[in-house]
Structures are given as C-alpha cells and as structure tokens.
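Each residue of the sequence shown is one higher than the one before, counting from 0 in numbering that gives the first Met the number 0.
One or more hints might be untrue.
With a straight-line cut-off of 20 Å between C-alpha atoms, the simulated DMTMM-like cross-links for lysine to aspartate or glutamate are [said to hold, decoys possible]:
id : residue 1 : residue 2
1  : Lys153    : Glu268
2  : Lys109    : Glu188
3  : Lys109    : Glu232
Keep in mind that the hints were calculated from the coordinates and are not lab data.
In this text the structure is predicted, and so the values were computed from the model without any measurement.
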Amino acid sequence: MRQSKYKIDKRVILYLLLLAAALLFPMAANRRVLNIAIITLMYVTLGESWNLLSGMSGLFSIAHALFFGLGVYGMTITTNRLGMGLFAGVVMGLVVNTLMALLVGVIASKLSGLYFTMALIGLHQTVYSLSIQLIDLTGGSMGISMPREYLFSKTQQYYMVLTLAVASMLFYVFIRRSRIGTNFVALKENPDLARALGSNIGNWRILATVFSALMASLAGSFYALYLMSNNTEVFNASISLKIIMVVIVGGMGYVWGPVLGSSMIVLDELVRGMMPSRFAPFSVVIYAGVLIIMALLKPAGIISFFQRDEKKTPAKKERATT
0 MRQSKYKIDK RVILYLLLLA AALLFPMAAN RRVLNIAIIT LMYVTLGESW NLLSGMSGLF
60 SIAHALFFGL GVYGMTITTN RLGMGLFAGV VMGLVVNTLM ALLVGVIASK LSGLYFTMAL
120 IGLHQTVYSL SIQLIDLTGG SMGISMPREY LFSKTQQYYM VLTLAVASML FYVFIRRSRI
180 GTNFVALKEN PDLARALGSN IGNWRILATV FSALMASLAG SFYALYLMSN NTEVFNASIS
240 LKIIMVVIVG GMGYVWGPVL GSSMIVLDEL VRGMMPSRFA PFSVVIYAGV LIIMALLKPA
300 GIISFFQRDE KKTPAKKERA TT
C-alpha cells in the first residue's frame with residue numbers, strides 16, 4: 000500500500016486544537032474567568048518578551064516592568080493629553096520604549112552582572128519617580144483615564160490579547176531560528192568566544208533589548224485599554240517578579256515556557272479572588288511554595304515534564320542495536 004506523500008506532524012495538529020480551544024473559550028467562560036484569561040495571556044506576552052532578553056540572550060533583567068509601564072503611559076498620554084487615536088498611542092509607546100531600550104542596551108554593552116543590575120534598578124526608579132512628579136503630563140499617583148470611546152468588551156479584549164500572545168510566541172520562534180537568534184544564544188552561552196570570533200557583543204545586546212522592549216510595550220498598550228487608565232502601579236517591582244516567575248517556572252529559554260508558567264498567574268488570580276482582601280498579599284506565599292517545589296523537583300521548569308529522556312540504559316542500547 001502506497002503511503003501518503005504528505006505527513007502531518009502531530010505537533011501541528013495539537014497546536015491547531017489548542018488554538019481552536021482558545022478561540023472558542025469566550026463562549027464558555029463567564030466574566031470573571033475571562034478576566035483571568037486576559038491577564039494570563041498578557042503575562043504570556045510579557046514572559047516571551049523577558050524570555051527573549053534573558054532566556055535567549057542571557058541579559059537577566061529584574062526591572063522589566065519599566066518597558067511595560069512605558070507602554071501603558073505612552074497609550075494613555077497620547078489618547079488623553081494629545082487627543083490622538085489608539086494607533087498613535089501604540090506607536091508612541093513603541094518609540095519611547097525603543098529609546099529606553101537603546102539606553103539600557105548601551106548600559107548592557109558597557110556593564111554586566113551586578114553593575115548592570117544596579118544601573119537598571121536606578122533607571123527604573125528614575126522613571127517611576129518621574130511618573131509621580133510630572134502630574135500635568137502623567138496624572139501623578141492618581142493617573143489619567145482613557146477616553147470612553149476606546150472602551151472594549153471583555154470578549155474583544157480577550158481576542159486582542161490572544162492575538163498578541165500568539166504573535167509574541169511566533170516572533171520568539173522566528174528570532175530563535177534566525178541568524179539573529181544564533182548570535183543571541185552565543186551571547187548567553189559563551190560571550191568571550193563570540194567576541195573572539197568577531198561578533199560585536201554590544202550591538203547584539205542592544206538589539207536584544209530593543210526587541211524585548213517592543214514586545215513588552217505592546218503588552219503595556221493593551222493593558223492601558225484593559226484598565227482604561229494608567230497608574231504608577233504598572234512600574235511596580237511585583238510585576239517584574241511575576242514576569243520572571245512565569246518564565247522560570249515554565250521553562251527558561253523555551254517558547255512554551257511562559258505559556259506553561261502562566262499557570263502561576265491563574266493560581267494567583269484564583270487565590271486572591273477566594274481570599275479576603277486583607278489576606279490577598281499573602282498569595283505570594285503560593286509563588287514561593289511552587290518555586291521551592293520546582294527547584295527541588297524540576298529546576299528546568301514545568302516544560303521538563305514534557306521532554307523526552309533521550310538517554311538509554313546500556314541494556315536498552317544493546318537491544319536497540321540487535
């Protein structure tokens with residue numbers, strides 16, 4: 000019997016089924032569940048952004064909320080203060096984040112390790128302080144609202160952020176398989192060797208930072224539409240911590256890592272919803288507990304549960320060769 004010339008990869012079928020389930024999800028979800036899904040997908044996008052910078056390129060950023068927050072403020076300031084449309088708000092966030100990423104990238108090309116971390120924290124705190132002090136522009140600690148004409152339904156918001164999450168995953172895969180991704184990985188694995196082979200480490204670090212910042216900026220622009228306002232909480236260190244946890248728990252350096260790790264966001268939202276408001280801050284204990292368990296059982300993250308063990312015992316190898 001002649002076999003079919005075309006074979007369908009089982010993974011492609013699985014991906015299509017997952018996408019179909021995601022597209023149909025709003026039909027079966029109530030408002031609260033839809034809200035959790037929206038926040039979760041937003042963190043998938045942010046996770047892919049951080050994964051590209053830290054998981055692929057090796058630049059460990061602990062202030063990723065900086066790029067996210069600038070995306071939020073770019074959208075709200077453009078639509079409220081300047082009276083321009085949504086597209087202009089998205090572009091404003093991208094432009095501001097590109098400039099910030101260039102600055103961070105230059106710092107990364109000159110400093111590393113603890114010195115880079117300290118410089119990034121200082122820059123983050125400077126932007127946070129300006130967001131409070133420039134009241135006429137940012138609204139200060141009270142923030143400013145988006146025009147009501149840009150209010151979307153929860154279902155519309157869900158499909159927006161789903162598109163964003165899928166696009167961020169595809170972009171991560173595209174970069175990883177390109178020559179650019181090869182150079183990014185070289186930065187992480189052996190920067191000295193890459194430098195010896197003629198690679199301009201500084202330029203590649205700047206490019207990685209820009210790509211990562213643009214992805215985070217888009218997530219920030221969406222979050223402004225979700226909140227219909229801005230506030231200084233978008234620069235909070237807890238957001239950076241959640242982004243890092245999503246990637247590390249899921250699997251750092253893998254495109255599906257942030258997707259699997261986003262289960263932490265679902266868990267956090269459910270726990271906070273069930274707890275009285277005065278106990279909500281203790282949800283961080285759940286994060287700590289899961290991280291400890293993962294560190295003990297699967298340091299490589301949840302994704303390691305789904306990876307095949309390529310190693311065979313001597314007996315199995317002997318049987319395989321006979």
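Assess, step by step, whether the Cα of Lys109 is no farther than 20 Å from the Cα of Glu188, and give holds or violated. Within the cut-off at roughly 18 Å; holds.
Would the pair Lys109 and Glu232 pass a check requiring their Cα atoms to be no farther apart than 20 Å? Distance ~30 Å between Lys109 and Glu232 Cα, so the pair is violated.
Distance restraint between Lys153 and Glu268, which requires alpha-carbon spacing of 20 Å or less: Roughly 17 Å separates the two Cα atoms, so the pair holds.
The structure shown violates just one earlier hint, number 3.
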